[in-house]
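Chemist: So the chains spell out like this:
There are 2 protein chains.
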Amino acid sequence: MKLTILGCYSATPKTNSNPTAQVLEIKNHSFLIDCGEGTQVELRRNKIKFNRVKHIFISHLHGDHCFGLAGLISTFRLLIREVDLHIYAPKGLKEVITLQMKLANSWTNYQLIFHELTSNKSELIFEDDTVTVYTIPLKHRVYTNGFLFKEKLGERKLDMNAVLNADIDIAYYRKLKLGFDVENKSGKLIENNSVTKSANKPKSYAFCSDTAYNEDIVPILKDVDVLYHESTFLDKHEKLADPTKHSTAKQAASIAKQSNVKTLILGHYSTRYDDLNAFKLEAQTIFENVELADDGKIFEF
Amino acid sequence: MKLTILGCYSATPKTNSNPTAQVLEIKNHSFLIDCGEGTQVELRRNKIKFNRVKHIFISHLHGDHCFGLAGLISTFRLLIREVDLHIYAPKGLKEVITLQMKLANSWTNYQLIFHELTSNKSELIFEDDTVTVYTIPLKHRVYTNGFLFKEKLGERKLDMNAVLNADIDIAYYRKLKLGFDVENKSGKLIENNSVTKSANKPKSYAFCSDTAYNEDIVPILKDVDVLYHESTFLDKHEKLADPTKHSTAKQAASIAKQSNVKTLILGHYSTRYDDLNAFKLEAQTIFENVELADDGKIFEF
Numbered sequence: 309m310k311l312t313i314l315g316c317y318s319a320t321p322k323t324n325s326n327p328t329a330q331v332l333e334i335k336n337h338s339f340l341i342d343c344g345e346g347t348q349v350e351l352r353r354n355k356i357k358f359n360r361v362k363h364i365f366i367s368h369l370h371g372d373h374c375f376g377l378a379g380l381i382s383t384f385r386l387l388i389r390e391v392d393l394h395i396y397a398p399k400g401l402k403e404v405i406t407l408q409m410k411l412a413n414s415w416t417n418y419q420l421i422f423h424e425l426t427s428n429k430s431e432l433i434f435e436d437d438t439v440t441v442y443t444i445p446l447k448h449r450v451y452t453n454g455f456l457f458k459e460k461l462g463e464r465k466l467d468m469n470a471v472l473n474a475d476i477d478i479a480y481y482r483k484l485k486l487g488f489d490v491e492n493k494s495g496k497l498i499e500n501n502s503v504t505k506s507a508n509k510p511k512s513y514a515f516c517s518d519t520a521y522n523e524d525i526v527p528i529l530k531d532v533d534v535l536y537h538e539s540t541f542l543d544k545h546e547k548l549a550d551p552t553k554h555s556t557a558k559q560a561a562s563i564a565k566q567s568n569v570k571t572l573i574l575g576h577y578s579t580r581y582d583d584l585n586a587f588k589l590e591a592q593t594i595f596e597n598v599e600l601a602d603d604g605k606i607f608e609f
Numbered sequence: 309m310k311l312t313i314l315g316c317y318s319a320t321p322k323t324n325s326n327p328t329a330q331v332l333e334i335k336n337h338s339f340l341i342d343c344g345e346g347t348q349v350e351l352r353r354n355k356i357k358f359n360r361v362k363h364i365f366i367s368h369l370h371g372d373h374c375f376g377l378a379g380l381i382s383t384f385r386l387l388i389r390e391v392d393l394h395i396y397a398p399k400g401l402k403e404v405i406t407l408q409m410k411l412a413n414s415w416t417n418y419q420l421i422f423h424e425l426t427s428n429k430s431e432l433i434f435e436d437d438t439v440t441v442y443t444i445p446l447k448h449r450v451y452t453n454g455f456l457f458k459e460k461l462g463e464r465k466l467d468m469n470a471v472l473n474a475d476i477d478i479a480y481y482r483k484l485k486l487g488f489d490v491e492n493k494s495g496k497l498i499e500n501n502s503v504t505k506s507a508n509k510p511k512s513y514a515f516c517s518d519t520a521y522n523e524d525i526v527p528i529l530k531d532v533d534v535l536y537h538e539s540t541f542l543d544k545h546e547k548l549a550d551p552t553k554h555s556t557a558k559q560a561a562s563i564a565k566q567s568n569v570k571t572l573i574l575g576h577y578s579t580r581y582d583d584l585n586a587f588k589l590e591a592q593t594i595f596e597n598v599e600l601a602d603d604g605k606i607f608e609f
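Chains as they are written, first to last, in this note's numbering: chain A, 309 to 609; chain B, 309 to 609.
Warning: the hint list may mix true and false statements.
It does not matter which identical chain is meant; a pair holds if it fits inside one copy or across any two.
Distance condition first, Cα-Cα at most 25 Å in a straight line; then the derived DMTMM-like pairs of lysine to aspartate or glutamate [unchecked claim]:
id, residue 1, residue 2
1, Lys-357, Asp-582
2, Lys-355, Asp-603
3, Lys-322, Asp-603
4, Lys-410, Glu-424
5, Lys-355, Asp-582
6, Lys-402, Glu-424
Just so you know, the hints here were simulated from the structure itself, not pulled from any lab data.
Using the sequences and the accompanying hints, generate a full structural model.
Modeler: Take a look at the structure:
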C-alpha cells in the first residue's frame with residue numbers, strides 16, 4: 309500500500325502548498341482521492357501515469373477538494389484517453405462538470421461514469437476481487453464523506469519445499485492457493501495447511517477530511533492500519549475548529565486512539581502555521597504513532 | 309502599459325507551462341485576461357495584488373482559458389475581499405460559477421458582477437475616464453471574443469517655464485490641462501497651446517486568442533500599439549490549424565501586418581514544439597517587430 313500526497317494544505321493553493329489530493333496505490337489500483345486545483349500538474353510532478361487513475365473519490369464540493377477535476381477530465385480528453393473513468397462524489401458535481409463540458413463543446417471520448425453520493429450512512433461504493441471501498445459520513449459545512457479502502461484477504465502462499473516434497477501436480481497449485489485440500493500424484497490427500505502459508509494480512513486505509521471532531525466514525529475506523537485525519541488547527545485555535553467544522557491535531561489523535569488504528573497521518577493544515585512539527589507533538593500527547601503529510605511525500609505500508 | 313504573462317501555453321497545464329492568463333496594467337487598472345487553472349498561484353508568484361484585480365475578461369469557455377476562475381473567486385472570498393469583482397465572459401460561465409458556489413454553500417461576501425457576452429459584433433463593454441474596452445469577435449470552436457483595450461487621450465501637460473513666465477494663477481492650471489485658454493493675473497488672454505504640450509499619445513492593446521486566421525478583425529485592430537495574437541502552430545502544421553480553429557505564427561504575422569500594429573506578441577504555443585524561437589523567425593518573414601510571450605515575462609510599452 310503506497311500513499312502519495314499531492315497536496316495537503318487547507319483552503320487556497322499557493323506557490324509552495326497545494327490543496328487536497330492524494331493517490332492511494334492498493335493492490336492493482338491507483339485511487340485518486342480529492343482533486344484540488346492543480347492536481348493534474350502534481351500527478352505529472354509525482355510521475356503518476358494518468359491512465360492508471362480509473363477511480364476518483366471526491367469527499368465534498370468545497371473548491372480546495374474538487375476544483376482540479378474539470379481540468380483533469382479535460383486533459384484526459386486531449387490526451388485521447390480510452391480507459392473508463394469513475395467518479396464517486398456528492399450529488400451535484402456531475403451537473404457542474406456536464407455543464408462545463410457542454411459550454412466548452414468538449415465531450416469526453418472515454419466513458420465518464422459518475423457515482424453520485426447522497427447517503428448519510430456508510431455504504432459500499434466499490435468492490436472487486438481485491439479491494440472494497442466504503443464511505444465514512446463526516447461532519448462538515450456541506451455534505452462530506454471520508455473513504456475506507458480495505459484489501460480483501462488474498463490467496464494463501466505456497467510453501468514450495470513442502471509442495472514439492474508432497475509430490476503435488478502443478479495443476480492443483482491454484483486450488484491450494486484458494487485453501488482447498490488436494491490429492492497428490494499417488495492419490496494421497498494432502499491437507500492444505502501442511503503445504504501453504506497464510507496470505508498477507510489485508511491492509512486498510514481511511515481518509516477523513518474535512519470533518520469536525522466526530523466520534524460517530526470510530527466504529528467504522530476500528531483497527532484500520534492507516535488513518536489520514538484532517539488537523540486544520542492546533543489546540544490553541546480549538547475555538548475556530550467548531551464553527552468551521554474542522555479538527556485540531558489533538559482531536560485527530562483522539563479519534564485515532566479510540567479507533568485503535570496503527571498509524572495516524574495528519575494533514576489539511578491551515579497555512580497560518582509555520583512549523584508543522586507542532587501538529588505532531590500535539591497529537592503525540594494522545595497517540596504515539598503520528599506521521600505528518602506534506603506535498604510530495606510518499607508513505608509505504 | 310505593462311503586460312505580465314502568467315501563462316501562454318495551449319491546452320493542458322504542465323509542471324513548466326501554464327495555460328492562458330495575463331495581466332494588463334493600463335492607466336490605473338489591472339485587468340486580468342483569461343484565467344486558466346493555476347492562475348491564482350501565478351498571480352501570487354508574479355506579486356500581483358489580488359485587490360488590484362477588479363475586472364476579469366474571459367475570451368471563451370475552454371478549460372485552459374477559464375478553469376482557474378472558480379478557485380480565484382473562492383480564494384478572494386476566503387481572504388475576505390470587499391472590492392467588487394466584474395467578470396466579462398461568454399454567457400454560461402455565470403451559471404457554472406453560481407452552481408459551484410451553491411454546491412459549496414460558499415457565496416462571496418463581495419459583489420460579483422457578471423457581464424454576459426453574446427454579441428457577434430464588436431461592442432463596448434467597459435468605459436471610464438481613462439480607458440475603453442471593446443470585444444473583438446473571433447473565430448473558434450466555441451463562442452469567443454478577443455479584447456481591445458484603449459487608453460483615452462489624457463490631459464495636456466503644463467510647460468511650467470511658459471506657465472510661470474505667463475504669470476497664470478495656480479487656480480487655472482486644471483483648466484489649462486483640459487485644453488482651455490485662460491486669463492493671466494493681469495487679465496491678458498493666454499492661448500492654451502503657448503503654455504501646454506500635447507498629452508501622451510494614448511496606447512492600445514489587443515488580445516486575440518483563441519482564433520483561426522480571420523481577416524475580419526483587421527479593421528478593429530487598425531494601428532493598435534501591441535497585438536497579442538495566438539500562434540498555436542508553425543506553418544508546417546497549418547493543416548492542423550484550420551480544423552482546430554487556431555492560427556500559425558505566419559497567419560498571426562499577416563494579421564499584424566494588415567492591421568499596421570506596432571508590435572506583435574505571439575503566444576498560446578502548442579507544447580509539441582521545443583524551440584519557441586521558430587515561431588519568431590517564421591512570423592518575421594512577414595512582419596518585423598515580433599516578441600515571444602513566455603510564462604512570467606513582462607512587457608512594458
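Chemist: Any hints this thing doesn't respect? Which numbers, in order?
Modeler: none
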